[in-house]
Each structure stands twice: as C-alpha cells, then as structure tokens.
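Please build the complex by placing chain Y on the supplied structure of chain R, with the hints as guidance.
Protein chains: 2
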Amino acid sequence: MSTRTNRQVLLNAHPVGFPVDTDFKMVETPAPEPGDGELLIRTIYQSLDPYMRGRMNPGLSYTAGVSLGEVMGAGTVGQVVASRHDRFAEGDFVLSSNGWQEYAVSDGRGVRKLDPAAAPISTAVGVLGMPGMTAYAGLLEVGELKDGDNVVVSAASGAVGAVVGQIAKIKGHRVVGVAGVQKKCDYVTGELGFDACVSHRSDTLADDLQVACPDGIDLYFENVGGKVFEAVLPLLNDFARMPVCGRIANYNMTSLPEGPNEVPRLMGLVLVKRLRIRGFIVYDHVHLQDDFLRDVGGWIGSGQLKYREDIVEGIENAVGAFQGLLRGENFGKLLVRVSDDPTSRA
Amino acid sequence: MSTRTNRQVLLNAHPVGFPVDTDFKMVETPAPEPGDGELLIRTIYQSLDPYMRGRMNPGLSYTAGVSLGEVMGAGTVGQVVASRHDRFAEGDFVLSSNGWQEYAVSDGRGVRKLDPAAAPISTAVGVLGMPGMTAYAGLLEVGELKDGDNVVVSAASGAVGAVVGQIAKIKGHRVVGVAGVQKKCDYVTGELGFDACVSHRSDTLADDLQVACPDGIDLYFENVGGKVFEAVLPLLNDFARMPVCGRIANYNMTSLPEGPNEVPRLMGLVLVKRLRIRGFIVYDHVHLQDDFLRDVGGWIGSGQLKYREDIVEGIENAVGAFQGLLRGENFGKLLVRVSDDPTSRA
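If you read the protein sequences in the order shown, they are chains R and Y. Residues 1 to 346 in my numbering are what the first sequence spells out, letter by letter. Residues 1001 to 1346 in my numbering are what the second sequence spells out, letter by letter.
Read the hints as simulated data drawn from the structure, not as lab findings. All values reported here derive from a predicted model rather than from experimental measurement. Be careful, since some hints might not be right.
[Said to hold, decoys possible] Cross-link-like lysine-lysine pairs, in silico, DSS-like; alpha carbons within 30 Å at most:
#1 R:LYS183 / R:LYS169
#2 R:LYS146 / R:LYS306
#3 Y:LYS1146 / R:LYS227
#4 R:LYS146 / Y:LYS1227
#5 R:LYS273 / R:LYS169
#6 R:LYS306 / R:LYS113
#7 R:LYS227 / Y:LYS1273
#8 R:LYS146 / Y:LYS1146
#9 R:LYS273 / Y:LYS1273
#10 R:LYS273 / Y:LYS1146
Just chain R, same shape as in the assembly (with noise of 0.2 Å):
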C-alpha cells in the first residue's frame, strides 16, 4: 500500500458568481496504485487559467463541465514516480491534465514527456502549451492576420495576451495592448515591446485607446469582454477581424446588464463595418501544433519572444491563487507548484 497522501481540490458547489472559498473542499485520500499497463504522477505545476471558470457551471460550457464532489481538472506537468507502463519509466517529466491534485493514475492516454532539456518543464502548460497554443491559433488561423493590420490584444499581460502581442509584433505589425495595473502596463510596452498599452481601470479608457490606436483597430484580439469589448468596437475599421478567445469579465456575472439591449447597434456595426466575430478553442486547431512549437519554440530560442511566470506554492493556496486570477492579480502565467521541481536552476 502506498504511503503517500494525496491532496485533492474538489468542486464543492457550483459557483454563483465569483467562486468563494467553500465552492471547494481540500480532502486528503491515499494516492493510488498503478496497475497494470499504467503509470503514477506527482504533480510539479498545475495550470490555473480562465477557462475553469465556465467549468464550474452547472451549464453548457465547450468542456464538459466538473460534477460536484469531482477533481478540478487541470493541465499539469508532473514526475512518473512508479511506472507499469511500456512507454513511461520512472523519473520521466511528463505533461498530462491531471487537474487540482498531487498525485494521479494514468494508463498513458493524453500524457507526453517532457524534456527538461529542450525548454523548462512549466512551460508546457504555458508559452509551449495550450495557452501559448491558443494566441498562436486565434492570431494566425482564426484572426488572420494580415500585413498592415493594428492589433490590440487585452489581457496583454497574461498568458495568452502575451504571446498574442509578441507574435504579432515580430510579424511587423503595430501592436496595443490593454492591461490592469501600471506594472502590467510598463511591462507589456518595455519588456514585450508593444507600442503602446492602456489600463481597464482608467476611466479614460475609450479616449487612452483611441489615441493608442490613431489607425483604428484591424484585429482585436478578445479575451475580457465588458468595457474593453465596448471600447474597441467604435475603433474598429472596415473588415476587422475579432477572434473571441474568452471574456473574463462575464464570468462571474450573475445577470445580464441593465438597457438598453446594444445587440442591433453590435449588428449593425457588424453589416456596416463588415466585421468577422468568431468565437474559437484551441482543441479545434490542433493540426497547427507542429507550426506552433516550431515558431514559438524558435522565437523563444532566439530571445524574440519572452514569457513571465506567475508560480504560487502549495495546492493548499490553488483556490486563492485562482480566485486572483479572476481578479486579474496574477502577473504572467499563473501556475501552482504543487510539489518540488527537480529540473529547477534555482
């Protein structure tokens, strides 16, 4: 019998509105055996992105949604610590969605190794992975980018955002991002190099981004909608292009805003503008996963494209950290160090 402890994060109700503490439970259970023909993960980093959210929902979200009493799901990059598995040994890194838990069973279905060597391990739920994924979709194939195009991009800071911004940049065109907090801001413009970026929280924001954007807008990168959604759409030119990758700031509403309904002023702009408003996940591009590691995995070689970690530590502080990142408090990837990584310089 094993002797460790697993520490698992259940959901424990669904969320009404913005999830509280006691939407979740932490309980401890053995961590399990692997049979035959399966292998035993120890979580290292666990993934916290927006999309959780909508898994949370009693309702219809694009990923089934986690049942009560459930494991939150979760990508996450781990260690095989006892294998009966062909193509798994122990000690190998690998990256797999074994959700909000320190340790999992796998028979090896859905799970890659990882070599430490080539990239750092963490980066495979992040600028290698489905977030780094997402922007190179949703900018490429699903926003087709095109030469000339102005792209703003919100969330610039974040995960996607980020690599949104970069892509684009290093593509040669003119990039603004929208982020929270100054920090954020003066990162996004000096360290990512976009030419320019505007706070959410400033109460100028639809005459800051306006400046920001003399051209106007050719492809807004959606991920928050509210305020920004309603700021950009008056900037955006003939033919924009508005991939929805996600509106963090619906997530937690609980109604609907109040009148007038905007819906036939959003349409109209749509027909007068000829505007393309496509709503898209990264499982549905999975045959640019070559392109993707190819490119980004070379720019990130070369120094052109740079990423930040936020890495909070403890699966006991998933549901806080979680909580701020639905705040925007994190500050690049947000990640959980559930338990020692090994390939670690530091």
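Structure of chain Y alone, referenced to chain R:
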C-alpha cells in the same frame, strides 16, 4: 432642347424612423441632353431594395448617403434613347444606377449592355443582379456553406432569401425559411422547394423554428435582425456561421430596445459554440461575378431556380412601394416599372 419631362424622386428629409411621404419630393425637370461621349437612358425598371433605407440616413452606412435634394439612388434597367458614345447605340438595353428618375445621362462608366434574348431584362437588378449575387456570395463565400449544413434563411421569399434557399437546396441541404404571411410561406415550400417555412408573425416563432430545425442550425443567412435573430440564436450548432446581409427589422429603429443588454449573452454563445458572425456587402465579392452568372444563369435556364417579381407601375408609386417593402408587403423582388418594357412578352 429636349421636350422630354424627367420625373425625379428626391430625398427631402432624412427619415426619423419609418420613412414618411414628406421625406421625399417628386419634381419634374427637363430630361438632360447627352453631351459628347455621353448617352441618355430612359429608365424601364427601377430596383427597390432594403439597403436604400440606410442611404437615407445622415450617418454612417456602407454606401455614401444621399444628400437632401439629391435624387434617390437605385439600380436601373433602361434603354438608350440617344447616344453620342462609341460603345452604346440608340435602342440598347442597359443596366446602370440611374436612381429614382425617368431619364439620366451617363458617360458610360458602370453601364452594362443587356441581351434581352439571354434573360428578361428586369432580372439584371434581381435574380441575375445585385440581389442574386448577394445571395450567392453570402451563402457560398461568406457563409462557407459546407456539406451537411442545415440552413435557415430569413426574408425567405424576398429577392435575396429566395435565391439563398434555392442554391442551398440545389446543393443538397436541408433548408428552412422564415417569412411573413402564409402565402409567402406556402410559396417558399411549395414553389421554391424549401423543406419548411415558419412565419415571423407567429407568437410561437421560437417554438415553430425549433420544430422546423430538429438538427439545429449550421448556417443562418441573416436578412432581418430583431426577433428572428433572437429565435435563431439558441438553435445554432457548434461552428455555425452567420453571414449578416441585412437587418431590416432594425432599419427604422429610433432607439435601442429596452434592456437587459444581451450582448454578453450573445458573445458567450459566440465563444462556447465557436460561432462565426460576418457582415458583408456584395461589392466586396465582385470576383465571384462570372461564377455567379454561370451558376445561377444555368440553374434558371434548367428550371432549377425560380424567381418572382413584384412590379409596381409608375415612378409616382415608388415611395409607397418602398414603404411597403419595409413593412414586408412585397412578394418577390420589388421593382418599379417606370416606363414601358418593349421586350415584355405580355
């Protein structure tokens, strides 16, 4: 000097809401004389189309607005009555954009000769003209019609909608129309061969549409906006496409509807269902003109594609006919017969 009198309909005031008679003014002027390199055209058919409502506004539209005191614009089919132009001879039938008037002089730019033996000349502003081309480009290029798509089209008996639905039927799709009165619905299913048609005048529109679309909607061709748009939204399947061609239900709105603001709900659907909403106008798709004429011309010739015209006699009835168009009173492509059609077999 010409002895011909030219009756013209001028924009007298920018309509506020529904256009009233006094927003227009009929004047009589002497018909102009063609100068060197010019031709004089007598209007036979003048097109009336929903997009014209937008041109009456002082604000933004995708075509330049009509100024007060200016002749209202329109596509026209006419006959050359005098020519000092190399390319045109007296008696030629031509397509041009002479607007709401009986005569106009042209330098030949944008004027296209018509062959009355190839197709009834009136079709040059209808099924073989701008409305037909709008349907063709909107369905196939903008809407990206795919095998197996369940198609819904609003204003289904109209100049655009009837062609949209018939092309989709020819290509093997299940097609549901939305129209107004029962005789239009009967025409759409009985004559045009749509699989079903529901009335937007029904109190049970949303339920009726759901029953008519047991497999949901993969492509919604948007001509109307308003409550039809609202009834369609919950039925859209993942990856559904919505080419936005028009929104006649909103053209005369003077203020936005009461709240709540449904935009967040709409954008939530866009994200979760990965919808593509795309506005378009036909002039952005002229590269399809040859394909359109070959395909739609061929289908008309083979009897696979039918069309219906609603012809109003006399330019003095143009304003009333246009008002009727906005109320959905026309039945088929609306035209004004401004003067005798010598090619007519009647």
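- Return the numbers of the hints above that this structure violates; sort them in rising order. 3 and 4
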